[in-house]
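Enquirer: Each chain is listed here by its residues.
Protein chains: 2
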Amino acid sequence: MSILVELASRSKEIGGVRVYKKNVERVLSALLRSGDFWEVVDMSDLPVPAASGIVKALVERGMVFIDEEENIRLTQKGLDLVKELGIGAYRDYVCSACEGRGIPFYAELEFYREFLQVTKDRPKAIRDYDQGSVTPETTVARVLFMDSRGDIENKDVLVLGAEDDLTGLAVALWRKARSVLIVDIDQRLIDFDNRIFKELGIDNAVARVWDLRNPFPQDILGRYDVFVSDPPETLPAFRAFIGRGIATLKEEGGVGYFGLTLRDSSVFRWRDFQVSLTTEFGVAITDIVQDFNTYITWDYHQETKAAQVAPVKRQPQGVWYRSAWYRIEALPGFRRWNEPISDDVFYLDEEGSTT
Amino acid sequence: MSILVELASRSKEIGGVRVYKKNVERVLSALLRSGDFWEVVDMSDLPVPAASGIVKALVERGMVFIDEEENIRLTQKGLDLVKELGIGAYRDYVCSACEGRGIPFYAELEFYREFLQVTKDRPKAIRDYDQGSVTPETTVARVLFMDSRGDIENKDVLVLGAEDDLTGLAVALWRKARSVLIVDIDQRLIDFDNRIFKELGIDNAVARVWDLRNPFPQDILGRYDVFVSDPPETLPAFRAFIGRGIATLKEEGGVGYFGLTLRDSSVFRWRDFQVSLTTEFGVAITDIVQDFNTYITWDYHQETKAAQVAPVKRQPQGVWYRSAWYRIEALPGFRRWNEPISDDVFYLDEEGSTT
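Order-wise, the sequence lines are chains W and A. With the numbering used here applied, the first sequence corresponds to residues 1 to 355, in that order. With the numbering used here applied, the second sequence corresponds to residues 1 to 355, in that order.
Don't read these hints as lab results, they were simulated from the structure. For clarity, every value in this text was computed on a predicted model and none was experimentally measured. Any given hint could be a false lead.
No distinction is drawn between identical chains; accordingly, a pair holds when it is met within one copy or between any pair of copies.
Computed cross-link-like contacts, SDA-like style, restricted to lysine to any residue with a CA-CA straight-line distance of at most 25 Å [said to hold, decoys possible]:
| no. | residue 1 | residue 2 |
| --- | --- | --- |
| 1 | K176 | R91 |
| 2 | K12 | D211 |
| 3 | K12 | K250 |
| 4 | K250 | V275 |
| 5 | K21 | S342 |
| 6 | K176 | A89 |
| 7 | K124 | F111 |
| 8 | K313 | Q117 |
| 9 | K198 | E350 |
| 10 | K124 | E84 |
| 11 | K56 | S34 |
| 12 | K250 | T297 |
| 13 | K120 | E137 |
| 14 | K12 | Q315 |
| 15 | K83 | R223 |
| 16 | K77 | R178 |
All chains should be built: construct the whole structure from the sequences, respecting the hints.
Expert: This is the structure we're talking about:
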């Protein structure tokens, strides 16, 4: 058995999540670039428990050590290994203009400024609802992305369960949608949005409190052209957010947008999501843009399972949590799903850790 | 029945391919921006027969007319319709730095220059094999994209059936792969690559002729870490290129890259491809970057079905053909497919038209 396979197997035992050889390679490659655990998670595109399991397995085998400043450093044995395996330092070529999104937020600078101005006293992300806001640049780029696909102008848009990002507010501010409905469990966000709409005289947008574990009422089903969400990455939450999102679409050609991350779910789980989307729900995936959504590290980081399972106590120094931006299109015969969901494993499972 | 549904239904009759309401909307939106048919195809993300069917249906209904310079123009009736429906002009916000790829080709300028220099007398795209080369900027961005995911350094890379793009040559020129094998049906490209490898003393790369309708020999199966391809968009060709590509992967964690376009296949067919990838082949899709691959209009354009079904005779004036860049990852239990393929419908079906 090769050393990488052995390391993968041990990492899996320690982390309690699926890991394969390639994951170990990518952590080693990241460690040639940075000793910061959270940057390593980011560069290796892994769930926190997986990256942590790999680092701990490497420590066990004497390949890396953690120094007094909590930097993870390769030992001579570790350096010999990466040399022997021909693993090079992580290198990314991400576009500095658009931050890799393909759509630069500054393409509509006045809109960006207005969004910043309007949201300067936005509610802070809180742990109760697995919140973690994306950067304002991300939110604005989402709107421009959607508009460039013809998915806002004169459309009925529903934003469900992700309003900590204020995407619904941004879509309404863009002033091209026919109507905008925002549903979220957090009364603070709903009040915030409704207050802004009132102040600015935006009368085609409204926000209301809803717990997505409950089925949608009839007046929301089959009424929208486009939905936007940002679900937790458990399978039950995926159904509650995306299944219900699809259920709100009027007809074939309806569109959904959402973020999915590899920091809280593995590529194994992604396949499950993709099978569910294409076979069970009857939609096609038109876009998956990795690292489109950049998250501001939440204040409650130290209380999360991520902080507990990490091999270091040091907090993230900058952005480390990103998610991919999915766009889906409902095809003829698509399925509307609107069942109740139990509380169990709604936010957290073995791969997730940032709640 | 709404006018859009009626138009979609008539477009479907004329074009002989699936069309729904949203497609008609997007063509109308594109027509508010350009009268050039090929630009309209590009902006509306549709197969040529679908876009053509829609334009012809709009002409029939007196919504558009084709002027003496073969510009497609909205009539007053058409303008009234778009106003009534609230359809706005197509607007894209694509990043001008990276051309929307998220990875700018100029991040490694010396490499880009070397690639241009080495390939300045490259073989021209010919019709026999459905060739159509991507721009050199695309090819270079592909290499940087792959390298940023750890998919080149010290890897065994196979490029199959798409060497008119010279992606295999570029990967070899990047000089980080452990080995590069290029297989293509076109002897001219194979000779070109092998000559360059010899001239530059690149001894870990080799090109050989292979017709992908035939199963791969044993010495290629299960031997590669990464494959790259750019299949025609028929289901049989997808199997021959992508199924066989997956069959060459050594193990789980193996990676595939390929282009898929919405100009020669619909979003309906994309769902079929995605179901096949995730269920039959057992891979996860990690990336779908729309319009990553930009193609140089082929010299044989006038001989294609696309030119025949188009509502105008005027040739494309610039880039109009793009494809999305897919990345997939093989998961435990992935399936190797290596059956023979018949000649029937290999290159062309009802949605495809550019062969």
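Enquirer: If a hint holds in the structure, say so; if it doesn't, say that too.
Expert: Evaluation of the provided hints:
1. K176 <-> R91: Answer is between; shortest inter-copy Cα gap is 13 Å, intra-copy 40 Å.
2. K12 <-> D211: neither (35 Å within a copy, 41 Å between copies)
3. K12 <-> K250: Intra 44 Å, inter 21 Å, cutoff 25 Å: inter-copy only.
4. K250 <-> V275: Answer is both: 23 Å inside a copy and 24 Å across each meet the 25 Å cutoff.
5. K21 <-> S342: neither (35 Å within a copy, 37 Å between copies)
6. K176 <-> A89: Result: close only across copies, 12 Å inter versus 45 Å intra.
7. K124 <-> F111: Close inside one copy (22 Å), not across copies (45 Å); limit 25 Å.
8. K313 <-> Q117: Intra 35 Å, inter 51 Å, cutoff 25 Å: neither.
9. K198 <-> E350: For K198 and E350, the Cα distance exceeds 25 Å both inside one copy (43 Å) and across copies (52 Å).
10. K124 <-> E84: neither (47 Å within a copy, 41 Å between copies)
11. K56 <-> S34: within (16 Å within a copy, 58 Å between copies)
12. K250 <-> T297: neither (36 Å within a copy, 38 Å between copies)
13. K120 <-> E137: This pair counts as within: shortest intra-copy Cα distance 14 Å, inter-copy 40 Å.
14. K12 <-> Q315: The answer is within: 24 Å in one copy meets 25 Å, while 57 Å across copies does not.
15. K83 <-> R223: between (58 Å within a copy, 22 Å between copies)
16. K77 <-> R178: between (62 Å within a copy, 23 Å between copies)
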